[in-house]
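Line by line, the protein sequences give chains A and W.
Each residue of the first sequence is one higher than the one before, starting from 0 at the first, in numbering that gives the first Met the number 0.
Each residue of the second sequence is one higher than the one before, starting from 0 at the first, in numbering that gives the first Met the number 0.
Among the clues, some could well be false.
[Stated by the list, open to error] Distance windows between CB atoms, simulated:
| id | chain 1 | residue 1 | chain 2 | residue 2 | range |
| --- | --- | --- | --- | --- | --- |
| 1 | W | A7 | A | E36 | 16 to 26 Å |
| 2 | W | W333 | A | K11 | 13 to 23 Å |
| 3 | A | P66 | W | E92 | 38 to 48 Å |
| 4 | A | Y12 | W | Q595 | 54 to 64 Å |
| 5 | A | P100 | W | W333 | 28 to 38 Å |
| 6 | A | R69 | W | E10 | 33 to 43 Å |
| 7 | A | P100 | W | Q486 | 18 to 28 Å |
| 8 | W | E274 | A | P66 | 31 to 41 Å |
| 9 | A | K2 | W | V294 | 23 to 33 Å |
| 10 | W | L207 | A | P100 | 34 to 44 Å |
| 11 | A | G130 | W | K53 | 24 to 34 Å |
[Said to hold, decoys possible] Below, in silico cross-link-like pairs of lysine to aspartate or glutamate (DMTMM-like), each with a Cα-Cα straight-line distance of 20 Å or less:
| id | chain 1 | residue 1 | chain 2 | residue 2 |
| --- | --- | --- | --- | --- |
| 12 | A | K44 | W | E314 |
| 13 | W | K293 | A | E10 |
| 14 | W | K577 | A | E43 |
| 15 | W | K556 | A | E102 |
| 16 | W | K42 | A | E131 |
| 17 | W | K42 | A | D129 |
| 18 | W | K597 | A | D94 |
| 19 | W | K408 | W | E334 |
| 20 | A | K44 | A | D6 |
| 21 | A | K11 | W | E314 |
| 22 | W | K408 | W | E454 |
| 23 | A | K108 | A | D94 |
| 24 | W | K316 | A | E112 |
| 25 | A | K140 | W | E10 |
| 26 | W | K597 | A | D90 |
| 27 | W | K335 | A | D15 |
| 28 | W | K291 | A | D15 |
| 29 | A | K146 | W | E454 |
| 30 | A | K140 | W | E606 |
| 31 | W | K103 | W | D93 |
| 32 | W | K399 | W | D127 |
| 33 | W | K316 | A | E39 |
| 34 | W | K556 | A | D94 |
| 35 | W | K617 | A | D90 |
| 36 | W | K577 | A | D90 |
| 37 | W | K293 | A | E25 |
| 38 | W | K316 | A | E43 |
| 39 | A | K135 | W | D455 |
| 40 | W | K577 | A | E29 |
Keep in mind that the hints were calculated from the coordinates and are not lab data.
Where is the CB? At the ideal position from N, CA and C, for every residue including glycine.
Below are the chains, spelled out letter by letter.
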Amino acid sequence: MDKDKIDKIIEKYPSDPSSLIQILLEIQSENHWLPKEAIERVSEKLQVPLNRIQHIATFYKAFSLVPKGRHEIHVCVGTACHVRGAQRVLDRVQDLTGISPGETDLDMKFSLETVNCLGCCALGPVMVVDGEYHGKMAPAKSEEVLKAVE
Amino acid sequence: MPKLNSAAELEKFRKDLLSKRDPNKPCITLCSGTACHATHSEKVAAAIEQEIEKQGLTAEVDFRRTGCHGFCEKGPIVVIYPEEICYLQVTAEDIPEITSQTLKEKKVVDRLLYVDPTTGEKATLESDIPFYKNQERIILSFNTRIDPKSIEDYLAIGGYQALAKALFEMTPEQVIGEVKAANLRGRGGAGFPAGIKWEAARKTQGELKYVIVNCDEGDPGAYMDRSLMEGNPHSVLEGLMIGAYAIGSREGYVYIRQEYPLAVENLTIALTQAEEYGLLGDKILGSGFNFKVKVHRGAGAFVCGEETSLLRSLEGKPGEPRARPPYPAVKGLWEKPTNINNVETWANVPLIINKGSAAFTSIGTDGSKGTKIFSLVGKVNNTGLVEVPMGVTLRDIIYKIGGGIPGGKRFKAVQTGGPSGGCIPEQYLDIKVDFDELKKVGAIMGSGGMIVMDEDTCMVDVARYFLNFLTGESCGKCSPCREGIRQMLKILTKISEGKGREGDIELLEELGETTRDASLCALGGTAPNPVLNTIRYFRDEYEAHIKEKRCPAYVCKDLISYYIDPEKCQACLSCLRKCPSEAIAGGKNQIHVIDQDKCIKCGTCFEVCPSRFRAVKKISGEPVPPPIPEEARIIVRERKKK
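The following block holds chain A by itself, in its conformation from the complex (with noise of 0.2 Å):
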């Protein structure tokens, strides 16, 4: 990410503390992760230490330390979605893709999450794939959807 784009971001704050979040939500969406330059960037402008902005970086779960891969996988496991099977199909995309909630795997291809809800809970169980919704999914089922990602 290069010091231009992360200093538009950043002026577009009041230069205090309390924005630290939501600048740091924004570099997060634009590049998909926190690199270190980044951070040391927000940082040095905010004038807020390293250490605090690490502990906002692992603190809260919309924040990524480490790049992510080219698909991104979330696989919702609210209630309405575990009480109609979630886990199996959670299950399932783990085997497929080889990697746990929260990894990326190492051709860079897919990064896996789990959402607590995405508030969709009549299509349940819900996987989204790159911002693609799949609803009323099935072990069986999100296979077919993987296999359809490049």
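Once you have looked at the hints, place chain W on chain A.
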């Protein structure tokens, strides 16, 4: 756009707006909430725009994207005004027909109407569908009538009238008095009276005070607040401003989950529009009241729904709670007096000011007034958002509105209150839903998640599920919560793996009570609820897991086996081909047999076995019958040859 400088100008603008709008002009509306979005409502929207133009109706027909209609099970939803014809599960391919038939010829497209699954009767109007008919939609009804991105739509239905009334006709004390008289209780879960909270914040001395909207809706299976924020952001904003005026605040925050991008977008648009119209900023409507609002996105932490954590998060720090008192009304954001209410609570405020507390208290029970929105989800036919008066029974919600349990299964329990709540069994289905009644049966109202569970749901698994969730969400600051939840989860996991021991249930109860009593904030204080409550009502299920190593609902993987009934198997190869671990032996005309050592218990065979055979069975608590010998498996082929 005009800058409105007085209440009279606001009224004049509204009148002009209405005079320009013909209520009889055909208008096609499309639900554009997140759930419909997931079922590709955007494609439908594009098709509507294209088709209206293609069929030359641009001047004669309006198109409006509205907020969530609530009947998410049947989305995307299209409603055509003024007749209010309601079409369900509409796809882009249906649009040319809807346009030519309904919009042009005023004919109903029969196949898109709601069909009652029991009677087979069709419903043309939205209000005729049992899901809607049995609700009392006051707050949610606005969602379906306006485009959330248009302040003019909100003004046209009487928006900001309550603000004008509060600013010009009422003193702050009178506003608080009205809210107190309405006995508006916090819709976020705890049910604390909003008026008392406001009064405390007003009475605290301080030049700078804050008001905050809590839209950190973290309970899994709950999405009422999101739908309100997405579908009618101005109503929340108006409520917040009335609250700010009453308390004496000139700065507000909306704390909103970043997982809700559409809600953030619609709210941001609403703020900009309100500012342009002079409804936000300095000298609002020409009065002496100044107010500004900032949006703060949450970064994914369940605990931030707790008010002291939320405040820390707003300050740009990790969202860790602190002990109360002092309450935020005394020491809140940056140590200043602060009032926090949930989205739905704020959205109720304009109604109370407009219609008066008496109208509000005419609905509900003794202790709980008004309506409440629930998200009715799980094993229920009509998943969606439901608004009912306080005091209706659970049975009415689940059966009359929800349409009962799918697939002819038996109801087991309904879970309310998210990870802090409890499961209510069948014998209490007739209790009245309000803050106090739910507490009596060991559950809580919570923010409004209502998850229906049927006979296929294992209650030990549900308890384990919630503790697993909470273990990840506990901030770790105080040890009773951090360690208590972890230890309870460990025991529950062992029980579900068939390694439970005598005395585990009692140990869970003891741990649960300690965690409840000794934790710092509500997260830990309520974390044992799912465990204690399922033990209370479903102790037999715990005992079956521990003593018989049996999961009565056939859910816990380590306690079940899949088995193909040789009498029923027709050797169709379906399961054999789909089995991901190649654990199924057999072939064409050869009965299939599962190799129990290879089986990973994913359940694929159970799912793909054709329903006319139903040969795959789940077994728990008893040994799997030995596979039939090779010779016997071929019998099927011989029989088939006949």
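Check your understanding: Which numbered conditions among the earlier hints are violated in the structure presented, ordered from lowest to highest?
Key -> Numbers 1, 6, 14, 15, 19, 24, 25, 29, 40, in rising order.
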